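Numbering (numbering that gives the first Met the number 0), first residue to last: 0 to 150.
Keep in mind that a hint or two might mislead.
Unchecked claim - Calculated pairs, SDA-like style, for lysine to any residue (alpha carbon to alpha carbon, straight line, at most 25 Å):
id, residue 1, residue 2
1, K47, N111
2, K47, P32
3, K47, A63
4, K47, P105
5, K47, G131
6, K47, T64
7, K47, N75
8, K47, N82
9, K47, R100
10, K47, V76
11, K47, P117
12, K47, T70
13, K47, D89
14, K47, L80
15, K47, W58
16, K47, W28
17, K47, N116
18, K47, F103
19, K47, A98
20, K47, R65
21, K47, V104
22, K47, T71
23, K47, A27
24, K47, M88
25, K47, R79
26, K47, A29
27, K47, W67
28, K47, E132
29, K47, G115
30, K47, S109
31, K47, L92
32, K47, S69
33, K47, A110
34, K47, D133
Unchecked claim - Label-pair distances were calculated between CB atoms; the ranges are:
id, residue 1, residue 2, range
35, G115, G36, 35 to 41 Å
36, D133, G54, 28 to 34 Å
37, E132, G74, 17 to 23 Å
38, P117, P32, 32 to 38 Å
39, W28, Q113, 34 to 40 Å
No lab work stands behind these hints, which were simulated from the structure alone.
Just so you know, these numbers come straight off a predicted model, no measurement behind them.
Note that beta-carbon positions come from the ideal geometry of N, C-alpha and C, so glycine has one too.
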Amino acid sequence: MPLRGCALSLVLSLPLPVAAQGPSGLPAWAELPVQGGVVASQASSQGKLCVYRDGTTVWAHSAATRRWTSTTVSGNVPQRLTNDCLLVMDGNLWSGFAAVRGEFVPLVVSANAQLGNPSGQNNDAVLLVHDGEDFVEVPSEPMRRYLDQPR
């Protein structure tokens, strides 16, 4: 049930005297105005990330950058959230989001692409996509492709 006229807000764990302002003058609160109200079941968080789905928009908040960033998806697509990364799997376009970068990085994949990280492993700082002969680290800085090396 939507909460009308609300916004989704986050506060970082800070001592009380600096509650209004974080280290380096960055705001401690990061507000995401949501049209039509917040639907609590659409919000999730883990580690340094918070995710909110608003129709065909996926919003991600990074505790490192202290800002919300979004990407558009085709509908209710699968996503994988870990302490440091988010992977949104929308058909042949997968988008990775890392807390340290604070932005979505798109990756075009084939229909056979697979996520290599075990589903119960949530402390991962790197997600590994296996797509044919390629291994792709998602997200990386910048995103790099690694080909299988002959052994």
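Structure-based check of each hint:
no., hint, verdict
1, K47 x N111, "violated, 30 Å"
2, K47 x P32, "holds, 20 Å"
3, K47 x A63, "holds, 7 Å"
4, K47 x P105, "holds, 20 Å"
5, K47 x G131, "violated, 31 Å"
6, K47 x T64, "holds, 10 Å"
7, K47 x N75, "holds, 23 Å"
8, K47 x N82, "holds, 6 Å"
9, K47 x R100, "holds, 12 Å"
10, K47 x V76, "holds, 22 Å"
11, K47 x P117, "holds, 20 Å"
12, K47 x T70, "holds, 18 Å"
13, K47 x D89, "holds, 23 Å"
14, K47 x L80, "holds, 10 Å"
15, K47 x W58, "holds, 14 Å"
16, K47 x W28, "holds, 14 Å"
17, K47 x N116, "holds, 18 Å"
18, K47 x F103, "holds, 15 Å"
19, K47 x A98, "holds, 6 Å"
20, K47 x R65, "holds, 10 Å"
21, K47 x V104, "holds, 17 Å"
22, K47 x T71, "holds, 21 Å"
23, K47 x A27, "holds, 14 Å"
24, K47 x M88, "holds, 20 Å"
25, K47 x R79, "holds, 14 Å"
26, K47 x A29, "holds, 13 Å"
27, K47 x W67, "holds, 12 Å"
28, K47 x E132, "violated, 32 Å"
29, K47 x G115, "holds, 21 Å"
30, K47 x S109, "violated, 29 Å"
31, K47 x L92, "holds, 24 Å"
32, K47 x S69, "holds, 16 Å"
33, K47 x A110, "violated, 30 Å"
34, K47 x D133, "violated, 28 Å"
35, G115 x G36: 35 to 41 Å, "holds, 38 Å"
36, D133 x G54: 28 to 34 Å, "holds, 32 Å"
37, E132 x G74: 17 to 23 Å, "violated, 30 Å"
38, P117 x P32: 32 to 38 Å, "holds, 36 Å"
39, W28 x Q113: 34 to 40 Å, "holds, 38 Å"
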